[in-house]
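J.: If you want the building blocks of each chain, they are given just below.
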Amino acid sequence: MLWLLFFLVTAIHAELCQPGAENAFKVRLSIRTALGDKAYAWDTNEEYLFKAMVAFSMRKVPNREATEISHVLLCNVTQRVSFWFVVTDPSKNHTLPAVEVQSAIRMNKNRINNAFFLNDQTLEFLKISSTLAPPMDPSVPIWIIVFGVIFCIVIVAIALLILSGIWQRRRKNKEPSEVDDAEDKCENMITIENGIPSDPLDMKGGHINDAFMTEDERLTPL
Amino acid sequence: MAHAPEPDPAASDLGDERPKWDNKAQYLLSCIGFAVGLGNIWRFPYLCQTYGGGAFLIPYVIALVFEGIPIFHVELAIGQRLRKGSVGVWTAISPYLSGVGLGCVTLSFLISLYYNTIVAWVLWYLLNSFQHPLPWSSCPPDLNRTGFVEECQGSSAVSYFWYRQTLNITADIDDSGSIQWWLLICLAASWAVVYMCVIRGIETTGKVIYFTALFPYLVLTIFLIRGLTLPGATKGLIYLFTPNMHILQNPRVWLDAATQIFFSLSLAFGGHIAFASYNSPRNDCQKDAVVIALVNSMTSLYASIAVFSVLGFKATNDYEHCLDRNILSLINEFDFPEQSISRDDYPAVLMHLNATWPKRVAQLPLKACLLEDFLDKSASGPGLAFIIFTETVLHMPGAPVWAVLFFGMLFTLGLSTMFGTVEAVITPLLDVGVLPRWVPKEALTGHSGMLNTRLHKPG
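Chains as they are written, first to last, in the numbering used here: chain A, 1 to 222; chain B, 1 to 459.
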């Protein structure tokens with residue numbers, strides 16, 4: 001009799017948790033991808049932890065505070081590691097609706113991930129999409145800060161260049177006397193003709209040639 | 001070559017001396033900076049790879065020797081001898097040909113409009129590279145935060161960042177769309193930088209050119225060393241340089257080689273005439289022409305080695321990801337243990353599974369992964385820089401550093417070319433005496449810059 005009951009219970013359990021059954025979810029873990037050499041082996045103890053995490057998530061749902069670990073059924077564990085699970089009600093005859101399980105898992109996905117050292121990509125609940133982390137949005141986008149720095153430097157440099165140009169021009173205008181000296185120098189240039197330097201005609205008029213006596217001094221004063 | 005001393009035409013006006021280069025190095029670097037531009041990075045490697053690798057070098061060298069160097073020599077010689085910009089030079093040849101000079105000025109003006117837009121894009125990417133993770137590494141989440149933005153998922157995070165978050169591209173070329181304020185301020189900033197460097201003509205350009213002309217070579221060397229140490233680099237290089245002689249029978253190859261030489265050396269834009277006009281007439285322009293042209297071509301080759309070692313890495317990376325995705329599909333479907341199928345075993349395992357479970361295998365999204373397909377996916381122009389390279393940089397450790405280096409290099413390359421283009425506009429205007437003498441040079445350059453910005457608001 002007891003054996004019959006045992007088989008009946010197992011059979012019901014088997015019916016409740018089957019690949020593709022109503023309200024059943026497939027879970028896939030990629031432990032070696034996530035942890036590499038530090039990967040742990042998936043055994044019944046890990047399965048117990050998983051059941052505990054699912055029960056914990058369900059207990060946070062109002063009206064489901066009585067969920068126990070034994071209410072979570074696992075089946076079809078493969079080497080991948082992947083398996084199916086369902087959550088039953090206290091009577092163990094019906095499975096809880098998928099929507100409830102979904103929302104419970106989504107709310108606690110982070111805790112479940114951390115319990116197994118995995119993340120959203122390596123611990124997948126195939127029908128439950130996870131909420132993405134909010135994007136890191138600093139109050140001022142970084143590119144504007146860099147732009148501001150560069151632009152300020154450029155504006156300051158342009159201002160300095162324009163101002164120094166104006167100062168240089170003012171300094172040039174303040175020295176007109178130098179221009180006259182240049183004219184004198186031109187006229188005293190010595191040109192080279194046939195390799196022999198020769199003085200040009202002296203263009204600067206009014207030079208006194210001392211070889212000639214002046215008109216005044218020809219006649220000696222009385 | 002000894003000439004008999006002739007009266008110098010420009011020495012007649014002693015009052016207004018033409019500015020001079022501080023030293024020969026500034027002049028050479030300015031011409032090299034003008035010639036070496038974005039085309040050396042993203043056009044030449046593409047041409048090399050499309051037109052049969054090493055075989056493309058034959059029409060390229062022939063075009064360089066028979067077209068590039070002669071025209072370049074003439075440009076430098078005429079600018080240096082007549083000591084005027086393009087308008088003055090053509091007017092001196094024949095007054096009826098002065099329109100050609102005006103054409104050069106107009107051409108350079110129009111080119112500066114679109115070229116500075118590209119520099120503005122590069123500046124935008126450069127500013128965005130100073131963060132980790134890089135903004136184009138992942139799609140932004142949608143409003144519900146249940147998944148990623150749909151448009152981004154359909155293409156890729158990199159394409160989304162380029163087409164949507166940068167350009168905000170419209171569906172049709174007729175639809176000009178609205179002004180993207182972030183691009184507008186980047187455009188204004190790049191014009192401000194160009195103005196700052198050209199403000200007093202070659203006096204300021206000559207100082208900046210030491211940095212803008214030499215920095216790209218430094219970055220190219222860094223990328224070359226980094227690229228050659230990446231896995232898959234040799235495959236990229238072999239693919240690039242494997243000669244395919246039959247392609248030379250296609251006349252298109254010769255046409256493209258000639259076009260590439262012409263635009264690569266920036267011939268007939270008036271920029272080289274302007275730079276050469278600030279030289280002393282006794283300068284040996286023949287040697288300069290050969291040196292600058294050879295440096296330009298060597299830079300193209302150098303850049304293509306760096307670019308293709310990185311692209312080889314990217315192709316290998318994509319190929320391995322493709323294989324990994326297929327392997328994961330198989331493992332998930334048949335519940336094999338993790339990492340049980342290696343990349344080498346994959347073909348054998350696939351055949352075995354196809355034989356035993358054909359229906360289950362058929363419904364899997366398996367893609368055919370061939371390395372040649374990924375190597376073929378090359379691109380030229382902005383696609384290479386803003387899509388392919390940005391994606392490759394994501395896979396290198398220390399991604400923001402490489403992004404900053406790469407876009408900094410593109411920025412300085414664009415800047416040095418802009419100097420030549422802007423100088424090609426300014427020098428003839430100054431020579432012709434468009435403005436009275438009391439207006440300073442700075443005002444002329446400032447007005448050209450502002451006119452450009454206003455004319456070219458990106459939409």
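These aren't lab readings, by the way, just hints derived from the structure by calculation. Bear in mind the structure is a predicted one, so any value in this text is a computation, not a measurement. It cannot be assumed that every hint is accurate.
List of simulated lysine-lysine pairs, DSSO-like, C-alpha gap at most 27 Å [stated by the list, open to error]:
no., chain 1, residue 1, chain 2, residue 2
1, A, 127, B, 287
2, A, 109, A, 127
3, B, 20, A, 174
Distance ranges between label pairs, derived from CB positions [as the list claims (entries may be wrong)]:
no., chain 1, residue 1, chain 2, residue 2, range
4, A, 35, B, 173, 29 to 37 Å
5, B, 344, A, 19, 26 to 34 Å
6, B, 132, A, 99, 47 to 55 Å
7, B, 243, A, 114, 55 to 63 Å
8, A, 99, B, 363, 43 to 51 Å
Every beta carbon over 10 Å from chain A, so not counted as near; a handful from chain B, in silico [stated by the list, open to error]:
no., residue
9, 109
10, 117
11, 128
12, 131
13, 192
14, 196
15, 204
16, 337
Note that beta-carbon positions come from the ideal geometry of N, C-alpha and C, so glycine has one too.
J.: Given the range 47 to 55 Å, decide if the beta-carbon distance of residue 132/B to residue 99/A lies inside it.
T.: Once the Cβ atoms are compared, 39 Å apart, the range 47 to 55 Å for residue 99/A and residue 132/B is violated.
J.: Given the hint that residue 127/A pairs with residue 287/B, test it: the Cα-Cα distance must not exceed 27 Å.
T.: violated (72 Å)
J.: Has the given pair, residue 20/B with residue 174/A, been kept, meaning a C-alpha gap of at most 27 Å?
T.: Cα-Cα ~25 Å, so holds.
J.: May I ask you to check that residue 196/B keeps its beta-carbon over 10 Å from the closest beta-carbon of chain A?
T.: violated (5 Å)
J.: For the pair supplied as a hint, residue 109/A and residue 127/A, confirm whether the alpha-carbon distance does not exceed 27 Å.
T.: holds (13 Å)
J.: Would the least Cβ to Cβ distance between residue 131/B and chain A come out above 10 Å?
T.: violated (5 Å)
J.: Indicate whether the distance between the beta carbons of residue 344/B and residue 19/A respects the range 26 to 34 Å.
T.: holds (32 Å)
J.: Run the C-beta distances from residue 204/B to all of chain A and say if the shortest one exceeds 10 Å.
T.: Non-interface label on residue 204/B violated, nearest chain A Cβ at 7 Å vs cutoff 10 Å.
J.: Range hint 43 to 51 Å: satisfied by the CB atoms of residue 99/A and residue 363/B?
T.: At roughly 28 Å between Cβ atoms, residue 363/B and residue 99/A fall outside 43 to 51 Å, so the hint is violated.
J.: At the C-beta level, are residue 243/B and residue 114/A separated by a distance inside 55 to 63 Å?
T.: Since the Cβ atoms of residue 243/B and residue 114/A sit about 57 Å apart, the hinted range of 55 to 63 Å holds.
J.: So is residue 192/B really clear of chain A, every C-beta pair being over 10 Å apart?
T.: Incorrect as stated: the minimum Cβ-Cβ distance to chain A is 5 Å, not above 10 Å.
J.: Could you check that no beta carbon of chain A comes within 10 Å of the beta carbon of residue 117/B?
T.: Given that every Cβ of chain A is farther than 10 Å from that of residue 117/B, nearest at about 17 Å, it holds.
In terms of the numbered hints stated before, the structure departs from hints 1, 4, 6, 8, 11, 12, 13, 14, 15, 16, listed from lowest to highest.
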